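A.B. asks: Sequence:
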Amino acid sequence: MTIQRMDNVGIVVDDLDAAIAFFTALGMELEGRMPIDGSWAGRVVGLDDMRSEIAMMRIPDAPGKLELVRYHSPTAIIPEPSVAPANTLGLHRVMFAVDDIEETLARLRPHGAELVGEVTRFEDVFLLCYLRGPSGIVVGLAEQLT
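Residue numbers (the numbering used here): -9 to 136.
Be a bit skeptical, because a hint or two may be false.
Distance condition first, Cα-Cα at most 20 Å in a straight line; then the derived EDC-like pairs of lysine to aspartate or glutamate [what the hints assert, rightly or not]:
| id | residue 1 | residue 2 |
| --- | --- | --- |
| 1 | Lys55 | Glu108 |
| 2 | Lys55 | Glu19 |
| 3 | Lys55 | Asp5 |
FYI, nobody ran anything at the bench for these hints, they're computed from the structure. Computed from a predicted model, the values in this text were never measured in an experiment.
Work the whole structure out from these sequences, hints included.
C.D. replies: Here it is as structure tokens:
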């Protein structure tokens, strides 16, 4: 038995439009947007009376998708602390390889992106940083130097 592929990573957001704008500015494309509800959906995720809207974002000409989810019912739960540090258990961040880390940051700042730490050089191989976007999403950026 083998894994065929990883289809997507799901991220719960409180403002779907802002999250779409953020990931579009990063360079992803909106593949589709639709409401998800009904008893079948609630049974999959283990929530009664679930109503949500999803937006599927894709990387142009490459594998990799994000499923952005806005829950209308039940309301999304805000974790404590609401801005979790890097050593918090669970899904931590999504990392993207980019051509130019500074140019990417400049595109994302108008969409609320803030550096978590700083842009740092790893040996002579990568520039790396973490940034926080809409709904507290942590995104990693890596620019290969060699």
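A.B. asks: So, for every hint listed, does it hold in this structure?
C.D. replies: Here is what the structure says about each hint:
no.: 1; hint: Lys55 x Glu108; in the structure: violated (26 Å)
no.: 2; hint: Lys55 x Glu19; in the structure: holds (9 Å)
no.: 3; hint: Lys55 x Asp5; in the structure: holds (18 Å)
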